[in-house]
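Chain by chain, the residues run as shown.
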Amino acid sequence: MKLAKLTLGIAVGAMASTGIAMTSAPGAYAAETLYIPLLTYRTGAYAGSGTPVANGMHDYLTMLNERDGGIGGIKITIEECETGYKASKGVECYESTKGKGALVYNPYSTGITLQLIPKAPEDKIPVLSMGYGLSAAAVGEKFPWTFNAPATYWGQASAIIKYIKAQEKGALKGKKIGFIYLDVGYGREPLPIFEALSKEMGFTFIKIPVAGKEMQNQSSQWLQVRKHRPDWMIMWGWGSMNPTAIKEAAKIKFPMDKFIGVWWSGGDDDARPAGKAAIGYKSVNFHGTGANYPAMQDIIKHVVSKGKSQVKDVSKVGENLYNRGVMNSVVMAEAIRNAQKITGKKNITGEDMRKGLETLNITAARLKEIGLEGFTNPMKITCNDHSGGHPMYIQKWNGKNWERASDWITPMKDKVRALLEAAANKYVADKKGWKTQKCS
Amino acid sequence: MFYREAGQFKTDYRSDMAVFPILQDRIAIGAILALMFIVVPLVANDFWLNTIFIPTLIFSLAAIGLNILTGYCGQLSLGTGGFMGVGAYSCYKLTSIFPDVNIIIHILASGFFAAGVGVIFGIPSLRIKGFYLAVATLASQFFLEWSFGRIPWLYNYNDSGAIDGVNRSLFGIALTEPYGTPAFQYLVVLSIVVFLTWIASNLVRGRYGRAWMAVRDMDIAAELIGIKLLRTKLLAFAISSYYAGVAGAMMVFLSLGSAEVEVFDIFNASFPILFMVIIGGLGSLIGSFMGAAFITVLPILIRGAPSLFGFEIHAATGEHVQLMMVGGLIIFFLIVEPHGLARLWQIAKQKLRLWPFPY
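Chains as they are written, first to last, in our numbering: chain A, 1 to 440; chain B, 1 to 359.
Simulated from the structure, these hints should not be mistaken for laboratory data.
Small disclaimer: the values here were computed from a predicted structure and weren't measured.
There are no misleading hints in this set.
In the DSSO-like style, the derived pairs of lysine-lysine whose C-alpha atoms are separated by at most 27 Å in a straight line are: (1) Lys175/A with Lys253/A; (2) Lys100/A with Lys308/A; (3) Lys432/A with Lys355/A; (4) Lys75/A with Lys306/A; (5) Lys93/B with Lys431/A; (6) Lys93/B with Lys435/A; (7) Lys165/A with Lys258/A; (8) Lys426/A with Lys93/B; (9) Lys355/A with Lys368/A; (10) Lys199/A with Lys415/A; (11) Lys176/A with Lys396/A; (12) Lys432/A with Lys93/B.
So here's chain B without its partners, still in its complex pose:
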């Protein structure tokens, strides 16, 4: 009834190729952006911003990065955490070497360091494929974790061995954790994520995205039609790591406030982000957001659920229940919809087209 595209005619190629060809989609995306930019900062309290919205957005960005590499280009990677760490540590070094430069520039620039490291570790991808590549990226993860812990220059020789937040402001307002207000941090994170998502959506629709998908679907065929494998794969590694690096830098400076190596290790970063991509849907940007929301929000909801209904369970019991339920739900969603939440969203849209009179 509401979601019907009948009567919307495309008269030129431009409108035919638009990101959102249907009017209702354009309205919806505008409404969602307005909701996220205006309503959420006004309504949500610090807890919601700090533990749900900001981490979800940051993980979404990292998931988009991994999705470019794994979902679009077909290169399985377990090194996301390490690349996030490169972003975070290089941002930390940049802020201490150039203290007067705007923090946003530092955050966006730190992604380039991650991209460089990503390219180096992406070189083996020309010869190694599939699971074997996953193992090779695992090596990069371990190597990077090792260097974050053992090269004191990276954390400015701090006695604690951790990188801790620096006080930086934007437009004269304190921004970085813990000095800034959550609402302001949220808006900055949201702006960066929206901007980079917009770039990614154009990238994957354009020439590079098509080349990635060709490589993913069959690399020999792609090579035969003139796609240079090395360049295409390395570009995917570079862009993917750039996104991960920016996400890592934002995680330290706009969310956590300080970080040890542990934050970027395989169980806290690489695996969860891979799960986000798989559950959200390989090769889908909206799926990256859905997967990130699923993995970060669900545990908090499950833990909060008992007190919402007025009965108390012990914190540790809640933790066990939550672990079991999240695991169960992951399996459930993967069984009923192996293509992820994004596919589910697509089915919902299809059904909505015919609603309320399906045939």
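Next comes chain A alone, as it looks inside the complex:
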């Protein structure tokens, strides 16, 4: 009986506290701050990939706060919101943070990106999906509020094919290329370009989907690989799918140097678990690895060694996906600086941020200035091209870390752009009142 009373009490108490919570709605932050919500995931099946990215993003921004006192003299307020890579949670995070003066969103999930793309113009907060999300969003006229620099998935796919073609001495006719991908929006995203290129260049394209539920058990998929005997394998994986695939590939003795992962399949923790068998595994990248840059040393000095980071082990700084997070924050920080310069305001809004992103131009000189010389290719975003189709390179796992295995490869821009425009038109076609912009 006592227990029943206790339960009743708890239920009443919960209802009362709901009432209290309702009346104290979340308020906006003080005016003088740059508020950046980070949609991250350190839990769930994708935490293995999500955690280093989150650390990198968070630490670079913290470093700017610690070293320079923020950007343009204004401190950055960073708030992480855990999405667990789930679309519904992502939207919840978005709704709970957008009212606080959010400048930009980095969803780190194609599913969440797809949901935020139509919300962005309504709420006037840009979406920066750096190297992921909807490829068609590169068409700036149709998607004024979405940015996916440095390159789209389609650009990346074309660059991989270009690389394979060069390795095969220019002849792809009759070759077989297998494609193992996570069977969600993200993994299916590059299919149109692969299919278009396979028709044009005459290689056989084999699709091998991996459902999210069976990420950690891919034996049947790799049995298929064994049956088809492709000359090359390309992977579009994320989270625990990556290390599993690399281990399975090693098990069937697939030649590692002919196995290329998307830049999201290039985590240090993706390749490491397979041990020596993973040596030679390749993945695409668009920024440097390692901590051998002044800015990275500043992160170690001002953030990590002072215990202000979630990273406890300094060796994690400089891992590929950590640097991906840093790269993401560099783009945000430079866009904020740019927006401050254009508008003359210190305290910018989401709309200013959009302008800052749209005219972003990170030159080689600027990279040197911020202590990241040679970290990435100079990046330029324009009104009609929100991705830029920047060059990327192939890296190779040597058992300990990643080393460069190719020069900068430029995506097949002309082919990709035509497809992107067709896709953008299709996306906009069935949406009445979709807000576009004119680019001169």
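For chain A, the structure is supplied; the task is to place chain B on it using the hints.
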């Protein structure tokens, strides 16, 4: 003191059989409806509407659907997510094939597609019972998930493989996510949910509801008194799936704005809705609302609690704490009140009758 029915005499069958026979209940339900329809849209901000009220109402509707099937008719189902998906995808197809038809008609009509699919997958229920039926419905869930991902016609051959929101308005005001305002979406969701709840409450009290309950309590006895098992069970499947389908359509068009298959998979839809029904109370409509509120609101409250009291914890830590606490609370409630929150509500009402002088 306040909740006493002494002196309220019933002089005809009509008032004796009313849904709310006690005056205080009628006043309370009127007050709650007024609160939900008038006060909430005026007072609540976008965050509360978008992440708490709208999802709770939509999940309540799905939970009512599952409650009709599991709580009233006794057929255990794990396919709710799939049926919601059928509703969502058919609504999407309907809006693209008939763009000029009112979106509300599309949402209500998409439920019929879900009902049709529900009936097909309900056919085995005549031979398979209990846990075995749960496994059979699980198969339907997997089959439907598979088709949403692999039949490009269903998502209009979009490159993203997702269905995304279309811009539709009602009475000339933009309604669908993300174009509409949360308050308007909330009112539309609330109206549909209230309307369908009213229908459900009359269904379960009437002939069909009695037949369902007879089948639930003992199907052989039910058959002996002349209830046709196949028809009764399939009707339960159809109506249950209709509710799930409407909930799924509302979820995409009035709440999320776009959806991938993942939204309707077993861990994001089927299981949570089953938990809502079990925690809320099997065979209770009000329990469906309570269960839905418990499962959707509690995590948000727990995550928001630390900042409410002024101390910061890391987002990921909060997530872990929340997972543990919600799990713990579910077990706690199930141990102390296996009949769910609805039973707890009943006990509270009983106590209120005697308050403040219990004997």
